[in-house]
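Participant: Residue numbers (numbering that gives the first Met the number 0), protein chains in the order written: chain P, 0 to 169; chain H, 0 to 1105.
Some hints here could point you the wrong way.
As the list claims (entries may be wrong) - Just so you have them, the derived chain H footprint on chain P, three or more residues with Cβ under 8 Å: (1) 28 to 41; (2) 54 to 66; (3) 99 to 110; (4) 140 to 149.
Stated by the list, open to error - The calculated label-pair distances, taken between Cβ atoms and stated as ranges, are: (5) H/C131 with P/I112: 13 to 21 Å; (6) H/P33 with P/A91: 51 to 59 Å; (7) P/T117 with H/Y163: 32 to 40 Å; (8) P/Q127 with H/G897: 26 to 34 Å; (9) H/T468 with P/T117: 50 to 58 Å.
No lab work stands behind these hints, which were simulated from the structure alone.
Predicted model only: the values in this text are computed from it and were never measured.
For every residue, glycine included, the Cβ atom is placed at its ideal position computed from N, Cα and C.
Here is what each chain is made of, one letter per residue.
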Amino acid sequence: MSKLSRALPVFLFCLTAMQAQVQREGVLLAPDSPELYESFFYLHNDMSNFVEQKTLAEPSALNRLEDGTATVLRVAKADLPSLRAVSRQVIADLKKIDDDRRDHLNKRARIEIGGDPTVLRDFALRRQQIVAAGMDQLSKTLSPASWTGLRSFINDRHRQGIRVLDTGSK
Amino acid sequence: MTPCIRLFLRIASLLVAAASPALFAQYQYFDDVPSSTKYFGVANRLWERQITKGCVAEPHMFCGEYGVTRADVAVLIIRSLYSSLIGNPEGFVTHASPQYFDDVPSSDPRFRYIQEMKFLGITAGCTATTYCSDYFVTNSQVAVFAVRARQIRETTSVSGTTIYTYGTVNNAITCPQSFSCVPYYTDVPESNSFYPWIQKARELSGATIHAPTCSNPAAFCPEDPVIRGQIAFFLVYGVLASTGLAPQQPSEAPGSPYLSLPAATGANCSGSVITTNDIYLLSSQDYYASSSTRGTFADPSLWTMTVTASVKWNGSTVYGPPAQPVKTDANSNLRLPTTLNAPLTAGNYLQTSTHTAVSGPCNQPLSPTTKYSYPYNGTAPYFPTVISTANPGSLPPGGTATVAISGHGLTPGSSLIFSRHGISASTTSVTDTLLTANISVASNTTLGPVNISVLAANLGNGDPRANFTSNSIPFTIGDPLQTLRDCINGASGSSASPATCALPAGSYTVSAPVVISKSYVTIQGASSQRLDTKLVRDPAFTDAILRVDAGSPLTGVTIQNLTICGSTTLNPGASPVGCPRTLTTCGTMVARQTQGNPLPTDFQCVDLDIKNADTGQNSSNPFGNTGPYSVTIANVDLEDATGHAISLYGSGATGKHVNDIYIHGNSAINGSGVTGILYGANSADYDDRYCDSHVNFDSDPNLFAPRNIRIEDNSFTGNNTGAMGGGATRWVGLRRNIFTNNYINPQVGNVVGGTIEFERCADQIEISANTFTAPQSPPTDTDGLELYGRNITINGNTITGYPVEGIGAHSVYRTKIINGNTIQNNDQRGQKGGIKVLTSFPTGGCDGMRRDTSDVTITGNASTGNAYGVHFEDQGQPSRNTLWNVLIGSDNNLSGNGKAAVGADGPQIVVNGFYSAFGRSDSVSASLPPRALGVDNDSNSRCYTPGGQRQLGSQIETFTFPASDNAGSSNIQFIHGIFSIQGDDSSGAAGPDSGSQGCHFYYDRASNTLLLDGPNGGYTWQGGQSSVGSGGSDLNNGYCTIHAGTSQVVTEPYILNLKLKIEFPTSSSSAARKHIYSNTGNNQGLINEGPNSGTRWRYWGWWKAQ
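Full structure from sequences and hints, please.
Facilitator: Structure below.
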């Protein structure tokens, strides 16, 4: 056996081991946490945009993309429109807050003053309220099976893809 | 990012900066100020020091070509000045009154800066009564402002963050004393009224102040409007005094006094980054991938971050990073290119997102790479199986255990595959993310690593995961814990070369203590990823998981890169770091012993128990040292301790010390069932009268109270009975830690407490730059800092939201400095002070030896949004303790408190100090009546607790009758007492009688004369009179004899103690209970009031001779 052939399995093992080291940085978000739900809405809204863009370019792709989306999200295909509508509303509302917050910061910066902590806290609170309202709406509009499946996806698969990174702030 | 990586980055950046400031990496903070800009460096410097906010927050712009108004210049000059003085651009108290300028009302956001400009003499306004905020500033005016600010800076007396004396401007500068007489600019001759200022500004700031808008390089163009880019040079070089820096490299070398500015800190820099990597196969042809990044920073304008992302296939980039990095703000969703139309190529896909920096004033390096990967077999439209951990991660030969395999994409019917023979498994349950299996290892199996992977079942219906094999994860055959113990026992390290004993990655159930019994040994997990290596309490195990103990003191021990799981069930929900929360034999709680010798149960279920550790050096000032340490704990996560997470307890019984401990490195102590860190000494119960009188208490090597405990850069979250507490400690440095949500569920023996507590004999404590945040819904009246003890410095902390006081300075003896803290929105429940200064508890006030709170200096704090900024308290009752030498500096910001800036429990609380700058909600004066404080006799004491005190005593006793007066003990005119047959035992009601068959006396302080009433009382004073003390005679009325010659009067500054030796003859009615009352009066004719209106007597309980 050549040196190369002896070394190759070791190399591949190391490569595999390295690749197995996924998701090691940071910590997971708590299940059913506002941050997790917010992340989901961002994900789903963007995924919906992706499907829409893809379908515009290739109309015949819609069926297979929606099949795949429903499978990934663990919801019934018939529930996708409701889900999409809620996600879009939530993202639009969040964007409105982002815009308001930006306006606030810019107005203050213009006179060399930083953001008002009370106002910034209020923006953060409003974000949580919007996300909570969105989830509440989903629980009422999706079929029970889809609602269960979606929560399972969020708390399980989607959550596994998220990490909270400590910035070391003191 | 791991602490090690963070540390590496910090060190690396420092090394680079030290090697060559010119090479110091400069981040582009402003979108409109690239590094090619002339003022790139100085604009960055203003941002790093938070002197400027820019002109637009999002996108982040500096607007260097814009003009500067007079209001702008006030903000920039004042922030620069205070940044250079104390490192905090906002660290000054608003001078709200008088309002200097008619056109700058207090509602103006820049009011405080303009007021400060006037207050310091930097500006006189544009007229005597107006400032003209909206006028643009000229080059010459900026020169004046910058030079005056620099004059203030150089004549101000500063120590640390405290300003002692403000400097003054000098408008009479002349050449050649103050600057060169040779004009620097052709258009600023000596005749120009701005000549001195421009000359001086030129010398302070160099040629860089030449305005780019001034076309003549030899001219200054004094009347041209200054632009923001230009003023940055005046500020950085003229006010901040960053000398010797080229314009493009304003970074100062480490060690420069002007680089003492820390990164911005506090809540606005707290936050985290939530990053999401997703790859989904929506069909065999369609591939969705995104990388989303969000920040949760309170003030998003204080940070910037660069994110790139890519997807690789078998190591080759198939979707490259964007051509330009994405600069994110609060939210960013970076979707990778998704234009794929062809079928995917089978192989290993890896999605990577890299966050290169969180930067800006918060200056938090963050450079992790998060990854998400999966193998793809070319057909699967679903997410395939990936596994990540096995728990437990090892089994010995012959062992059997239920092992939990975590991952995702797991399917029913999955089975385990091992990379070698001798191991069998049967799956017991499977969910999408968790597979459990009974694993057995044959007894003759070779020790060493083995890999586990998961084989998906064929579920039919075309499930593409059928028979798919997941990635593999390591598993160990053997007993790593025993290997660790063997390593420790055989270790022979030295200070120069400590031995290392490491645990491989995995989760280990501990059912017997791992005892570290050797010096110079390092115990560590597999890597800096501390979650990779866990020590988990066996449910039936009640002893320590790790213990540092030996017959002689240990030193040079390091414990690092580990997670220790204590398994308490007190914390709701799942552990955020994956520790099990199961009911153990420990139960759910162990009481914390706060005083006296602890019980054995106090140390049950402690996770890390340090019993005998000492370097033996006993340095005279450990705060000035950086080592050595007997035990160093770094990057250790102690989660869910059922008892205390860490015990630092010396023992007088066994002669063991716990000294020289260093806990740091972003260690975490979270969710402890009782206390995070318990400290004290067994069989060495120091009481305050002992440690107060022990002149060398802080450094006596023979004492067992732990000494030299350094706790830095850690976090304490959700500890049920507080983060830290216990008995006496000495030289504790508590710095830069984050305390959140502690004292949320206090266990038996603790009802009201603080996030941290230092007991009455604690000595030499420094609490600095920490952040204390109260529980969201505290079930108890918890406070932030619950402090007794002596020689305590509290500096630069942020303390918010506590239901009672933020800082409770109880019975703190000798010097205590509370300086530069931010104490906000506390005590909404307690309605006392953001800072509360109070005397000791009643037991400390009645034991015959006073425990004053003395020498308290409160300066430079912002105590706002509380009921009171500072509140004096006497535990709600009179005691002989006083508050001494209390200084509240005028530089405190005590505005915006609900009741008053400064308040007190009652008008009669004795406070000797200086706080007139803020007044007091109730006035203190000699016109207040004095107070009778109680009575002691030889063997016991009575305080202001009528109803409960009773006692039998000898026929001859010395009774002490103390009385206090705000104007001093010399203002007391008399003390009047009576031993009365009549009177209710509990309340004293219906008494006293007039001294019939008892003892009724009156003492006049001025004449030192004692009068005794007759046998039937009635104020006849037939018992005679005598002076008190040497030369005095016995006074007798047939029922009692007062031995005046052996009695005495002891004076304290505010308290007069009348000590009377009284004898009740056996022939008297001594069998009757004598109800003891007293009162006192002062030279103004005021007499203390009793508990009921019009009653002058105060009742102290009864006494009876045996």
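Participant: Against each hint, give a clear statement of whether it holds in the structure.
Facilitator: Going through the hints against the structure:
Requiring three or more residues with a Cβ within less than 8 Å of a Cβ of chain H, the coverage given for the region 28 to 41 of chain P holds, as 7 such residues are present. Interface restraint, the region 54 to 66 of chain P with chain H: holds (5 residues with C-beta to C-beta distance below 8 Å; minimum three). Figure legend: the region 99 to 110 of chain P, annotated as covered by chain H; annotation consistent (8 residues with Cβ-Cβ distances under 8 Å, at least 3 required). Note: the region 140 to 149 of chain P has 0 residues with beta-carbon separation from chain H under 8 Å; the three-residue rule is not met and the coverage is violated.
About 19 Å separates the C-beta atoms of H/C131 and P/I112, a value consistent with the hinted range of 13 to 21 Å. Take H/P33 and P/A91: their Cβ atoms lie about 34 Å apart, and the range 51 to 59 Å is violated. Range check, P/T117 to H/Y163: Cβ separation about 33 Å, and the 32 to 40 Å hint holds. Taking the beta carbon of each, P/Q127 and H/G897 are about 28 Å apart, inside 26 to 34 Å as hinted.
Roughly 56 Å separates the CB atoms of H/T468 and P/T117, a value that falls within the hinted 50 to 58 Å.
Violation of the numbered hints given earlier is confined to hints 4, 6; the remaining hints are satisfied by the structure.
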